[in-house]
Amino acid sequence: DQQVKQNSPSLSVQEGRISILNCDYTNSMFDYFLWYKKYPAEGPTFLISISSIKDKNEDGRFTVFLNKSAKHLSLHIVPSQPGDSAVYFCAASENGGGATNKLIFGTGTLLAVQP
Amino acid sequence: ETGVTQSPTHLIKTRGQQVTLRCSSQSGHNTVSWYQQALGQGPQFIFQYYREEENGRGNFPPRFSGLQFPNYSSELNVNALELDDSALYLCASSRIGDEQYFGPGTRLTVT
Numbered sequence: 001d002q003q004v005k006q007n008s009p010s011l012s013v014q015e016g017r018i019s020i021l022n023c024d025y026t027n028s029m030f031d032y033f034l035w036y037k038k039y040p041a042e043g044p045t046f047l048i049s050i051s052s053i054k055d056k057n058e059d060g061r062f063t064v065f066l067n068k069s070a071k072h073l074s075l076h077i078v079p080s081q082p083g084d085s086a087v088y089f090c091a092a093s094e095n096g097g098g099a100t101n102k103l104i105f106g107t108g109t110l111l112a113v114q115p
Numbered sequence: 116e117t118g119v120t121q122s123p124t125h126l127i128k129t130r131g132q133q134v135t136l137r138c139s140s141q142s143g144h145n146t147v148s149w150y151q152q153a154l155g156q157g158p159q160f161i162f163q164y165y166r167e168e169e170n171g172r173g174n175f176p177p178r179f180s181g182l183q184f185p186n187y188s189s190e191l192n193v194n195a196l197e198l199d200d201s202a203l204y205l206c207a208s209s210r211i212g213d214e215q216y217f218g219p220g221t222r223l224t225v226t
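Residue numbers (our numbering), protein chains in the order written: chain C, 1 to 115; chain Y, 116 to 226.
A hint or two may mislead.
Which stretches of chain Y does chain C cover? Using the computed rule of at least three CB atoms under 8 angstroms from a CB of chain C, they are [said to hold, decoys possible]:
| # | region |
| --- | --- |
| 1 | 153-160 |
| 2 | 211-219 |
Within a straight-line C-alpha distance of at most 25 angstroms, the following computed SDA-like cross-link-like pairs (lysine to any residue) qualify [as the list claims (entries may be wrong)]:
| # | chain 1 | residue 1 | chain 2 | residue 2 |
| --- | --- | --- | --- | --- |
| 3 | C | K102 | Y | R130 |
| 4 | C | K56 | Y | T124 |
| 5 | C | K5 | C | H72 |
| 6 | C | K102 | Y | T226 |
| 7 | C | K68 | Y | D213 |
| 8 | Y | K128 | C | H72 |
| 9 | C | K5 | C | D55 |
| 10 | C | K102 | Y | N194 |
| 11 | C | K5 | Y | T124 |
| 12 | C | K102 | C | I18 |
| 13 | C | K5 | Y | N194 |
| 14 | C | K71 | C | D1 |
| 15 | C | K68 | C | T26 |
Because the hints were derived from the structure by calculation, they are not lab data. Using N, Cα and C, we set each Cβ at its ideal position, and we do this for glycine too.
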């Protein structure tokens, strides 16, 4: 039972344009959401997070949007750069665990930013 | 500041054998979590240790066990290896309340 779903295995975007990565979840107890980026032969790197009490969080070129009623979140990268090419994982935790406790990950989306 | 390190990088074991994977936490971190990432999947939570005590466990059988040491380094032990245990094993450390920092992983192949 996949509680966190990333339905797009891959996404290709031109440099300078917006990248939008999507994530859906089924567990209504999730109250904290994170995005991680992973390059080959490296561990996932934390990118940005959002608590369920917010609907938007921004950090530089990265913005995460949360729609609790739709159980949907998205990561916007603007402008996209070739160095952003990586696998992006959406993750969630529940019961006040925040970023520290058990994370449930999606299957990832491979983003390719074309120069 | 040294990041999370894991050893070995790769190893190959035979079905039925036992394996121990090691993780050194980032300096100042007192929590360590282990995840299994099968090919084409996202990481799956195995368990977490906080101050040397197990602090949560995912849906993995008892043959997956762990330890955390006083210096907050950690081991993951897997007994009676099965072919399906072939995966990338990721260790992540954190301070309580902060995001988890992942190591590069150990690639385990069971033949």
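Hint-by-hint comparison with the structure:
1. 153-160: As far as the region 153-160 of chain Y goes, the hint holds, because 6 residues have Cβ atoms under 8 angstroms from chain C.
2. 211-219: holds (count 9)
3. C:K102 / Y:R130: Status violated; Cα separation ~28 angstroms.
4. C:K56 / Y:T124: Status violated; Cα separation ~38 angstroms.
5. C:K5 / C:H72: Roughly 10 angstroms separates the two Cα atoms, so the pair holds.
6. C:K102 / Y:T226: 30 angstroms, violated
7. C:K68 / Y:D213: Since the Cα atoms of C:K68 and Y:D213 sit roughly 23 angstroms apart, the hinted pair holds (cutoff 25 angstroms).
8. Y:K128 / C:H72: Cα-Cα ~40 angstroms, so violated.
9. C:K5 / C:D55: Holds - the C-alpha atoms of C:D55 and C:K5 are around 19 angstroms apart, at most 25 angstroms.
10. C:K102 / Y:N194: Roughly 23 angstroms separates the two Cα atoms, so the pair holds.
11. C:K5 / Y:T124: This hinted pair is violated, its Cα atoms lying about 29 angstroms apart.
12. C:K102 / C:I18: Not satisfied, since the Cα-Cα distance of roughly 31 angstroms exceeds 25 angstroms.
13. C:K5 / Y:N194: Violated. C:K5 to Y:N194 sits at ~31 angstroms, over the 25 angstroms cutoff.
14. C:K71 / C:D1: 16 angstroms, holds
15. C:K68 / C:T26: Within the cut-off at roughly 10 angstroms; holds.
The earlier numbered hints that this structure contradicts are 3, 4, 6, 8, 11, 12, 13.
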